[in-house]
Amino acid sequence: MSLHLEPRLQPSKVMAYLSPVIAISLTLFVGVLLFTALGKSPAAAFHAFFIKPIDNWYGFGELLIKASPLALIALGLSVGFRANIWNIGAEGQLIVGAIAAGGVALALHETAAWWVLPLMFIAGALGGMLWAAIPAWLRTRFNANEILVSLMLVYVANLLLSWLIHGPWRDPDGYGFPQSLVFSDAAMLPILLAGTRTHAGVLITLVALVVAYVFFRWSLMAFKMNVTGLAPRAAAYAGFNQKRMIWIGLLTGGTAAGLAGTSEIAGPIGQLLIPVSPGYGFSAIIVAFVGRLNPIGIFLASLLMALLYLGGEAGQMQLSLPSSVSSVFQGLLLFFLLATDVLINYRLRWS
Amino acid sequence: MGLDAIVLILVATVAASVPLILAALGELVVEKSGVLNLGVEGMMAVGAIVAFAVAVETQQLSLAALAGALAGALMSLIFAFITLTLMANQVATGLALTLFGTGLSAFLGLKYTSVALDGAKAMTIPILSDIPVLGKLLFSYNGFVYFAVLVFLAISWFLYRSRAGLVLRAIGESPSSAHALGASVIKVRYLAVLFGGAMAGLAGAYLSTAYTPLWAEGMIAGRGWIALALVVFATWRPARVLIGALLFGGVTIAQFHVQGIGIEIPAQFLSMLPYLATILVLVVISRDAGLIRLNAPASLGQPFHKQGH
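Keeping their order, the protein sequence lines are chains A and B. With our numbering, the residue at position 59 of the first sequence is 59, and numbering never jumps. With our numbering, the residue at position 47 of the second sequence is 398, and numbering never jumps.
Be careful, since some hints might not be right.
[What the hints assert, rightly or not] Rough simulated footprint, nothing fancy, chain B against chain A, three-plus residues with beta-carbon under 8 Å: (1) 138-149; (2) 157-168; (3) 208-217; (4) 318-325.
[Unchecked claim] Which stretches of chain B does chain A cover? Using the computed rule of at least three CB atoms under 8 Å from a CB of chain A, they are: (5) 435-444; (6) 610-621; (7) 637-650.
[Stated by the list, open to error] Result set (BS3-like, lysine-lysine): computed pairs, CA atoms no more than 27 Å apart in a straight line: (8) A:Lys-224 x A:Lys-13; (9) B:Lys-462 x A:Lys-40; (10) B:Lys-657 x A:Lys-13; (11) B:Lys-472 x B:Lys-487; (12) A:Lys-13 x A:Lys-40; (13) B:Lys-538 x B:Lys-462.
FYI, nobody ran anything at the bench for these hints, they're computed from the structure. No experiment lies behind these values; they were computed from the predicted model shown. We put the CB at the ideal spot given by N, CA and C, even for glycine.
Turn these sequences into a full structure, and let the hints guide you.
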């Protein structure tokens, strides 16, 4: 008698929705084991991680400003992921978006006009797009692997930002700290919810959610990209333009990441410094998968992941746990999800 | 520049290339069996912190290296189970392994940040190490370096001169044919992935106990990804992995010497060099799509199930 996997005749729709739930439960279970092993009470840890951060209005606002960039980037990435185009350099595209938008903010530091902020968002979107255009061009023109190229560019982007804030863009009155001037009010997003730090950047994410929903549901391009991801040979036979998909897949992710980077510096941060992101570009990959590459799923997954970030910070303060514990949980969650996904196409059988 | 200076640069180049040699050769064997494990960076990070912790606690450097390799293998076991037994997407699982490994290493390494360690010393070989120039160039390294050379020879022999290596390559080209001929595809792939994990762990151990030697979050600094690019650059051949790794070691060392000879370039731009070089070699080698198609294992990245799917 042993357990083995038997192919299903048709993929299970139920399992496709149940698998993230199982994965989350398993991650929580491992969390309980881990906290017990570390000698902390699981109940106290659970409370510190998942309840305490959002049991007040301010905390709820913090949840939104963390979920917003995660959801926005994940939506952009999911376009490419559906067609097996692996942009894993969103973190770099976020940084370059922030650099471009920050450059506008610094250049117009003395200008108190309404159009400064829209200009920053245009620059940020173009910056992220440009950084994603490099792997897209190298892939379509030279066949270079977009996974490796987009990832290498994360390091390059980080070093570029580091040079700017150590050199030409360093705040002369900043006591030598590597950071730019604090932006003028005209370059800052207005607060949306009084009593929180929730800024208007959240609205961009909401618009992106609707746009992505419509795009995936009704556009022919999204259909073609789905086919390419699920059955590459059928797509090639049907004559779908592969290169155009690569461009669309990568540029959408880059634009979303650039907008997210702009929202971060024009929102909670208010200047250029390192880091501009606590790894949102990488966590968004997990959000996209846990959300089943589907806008509604991504919305829910981004809230969960934002809670993990907040919980990590709270756990650091209340239980003296290192904040890296949340990236351990993020990794575990993705492992469990990928593992339970086997049940979509296979069933467990004793024989 | 005198002869001594040139020898010093070459020795430093070798030292910088060792982690790439170890990790890329390990990944080469994995990919030859048809599996793509993008988790090298994460396995290196965990190997680095585990080896460093063992070195600090026991002062036994060989035990530390062993522990690093073991930690890398354990990490790769997670990957093997999810992709080979549960047939999940290898790209996504490899990414998960890197994210998890990076987080786990930071978590484990908290109490070892800014702890000092006496790193691995060069092994002096009587007579040989005393030969002028050559002694310094060839026989002035720590154990990891000689071990990397051994691994290179062993893998070159294994892949192209042994029956088991032939089976492994056959599985990478066509798992269903190999299965029909009686090879156990999943078992061989498990072993290949575990070997790749151990090599990545050892590469991490080298960085934290010999090369730097210290532990810092993010110290792998993309070397795992560069190792993955090296395998493509080498068109899946061990000798070219060795040459490629030495070239990259040279690029890494060059950034320290450019400033030394008085060229005014901000440090950040010099630090970009290895990453830009990686992109450049990928472009140069991938430009010829036929070359890649001819050399890449045909089943690379595709899951295998006995009953077919």
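Q) Do at least three Cβ atoms from the segment 637-650 of chain B come closer than 8 Å to Cβ atoms of chain A? A) holds (count 4)
Q | Given pair status - Lys-462 (chain B), Lys-538 (chain B), alpha carbons within 27 Å | A | Violated, because 38 Å separates the two Cα atoms, which is more than 27 Å.
Q) Okay, the segment 318-325 of chain A and chain B, do three or more residues pass the C-beta test at under 8 Å? A) holds (count 3)
Q) Between Lys-472 (chain B) and Lys-487 (chain B), does the CA-CA distance stay at or below 27 Å? A) holds, 14 Å
Q | Given hint Lys-13 (chain A) paired with Lys-224 (chain A) - CA-CA distance at most 27 Å | A | Cα-Cα ~21 Å, so holds.
**Q.** Outcome, coverage of the segment 435-444 of chain B by chain A - at least 3 residues whose beta-carbon is closer than 8 Å to one in that chain
**A.** With 7 residues closer than 8 Å to chain A, the segment 435-444 of chain B meets the three-residue bar; holds.
(Q) Hint check: Lys-657 (chain B) vs Lys-13 (chain A), CA-CA at most 27 Å. Holds or violated? (A) holds, 24 Å
Q | Pair hint outcome, Lys-462 (chain B) versus Lys-40 (chain A) [Cα-Cα no greater than 27 Å] | A | holds, 18 Å
Q. Under a C-beta cut-off of less than 8 Å, do 3 or more residues of the segment 138-149 of chain A approach chain B closely enough to confirm the stated coverage?
A. As far as the segment 138-149 of chain A goes, the hint holds, because 8 residues have Cβ atoms under 8 Å from chain B.
Q) Per the coverage rule (Cβ-Cβ under 8 Å, at least three residues), is the segment 208-217 of chain A covered by chain B? A) Answer violated; 0 residues pass the 8 Å Cβ test.
Q) Given as covered by chain B, does the segment 157-168 of chain A meet the bar of three residues or more with CB within less than 8 Å? A) holds (count 6)
Q) Has the given pair, Lys-13 (chain A) with Lys-40 (chain A), been kept, meaning a C-alpha gap of at most 27 Å? A) At roughly 39 Å apart (the allowed maximum being 27 Å), Lys-40 (chain A) and Lys-13 (chain A) break the hint.
When each numbered hint is compared with the structure, violations occur for hints 3, 12 and 13.
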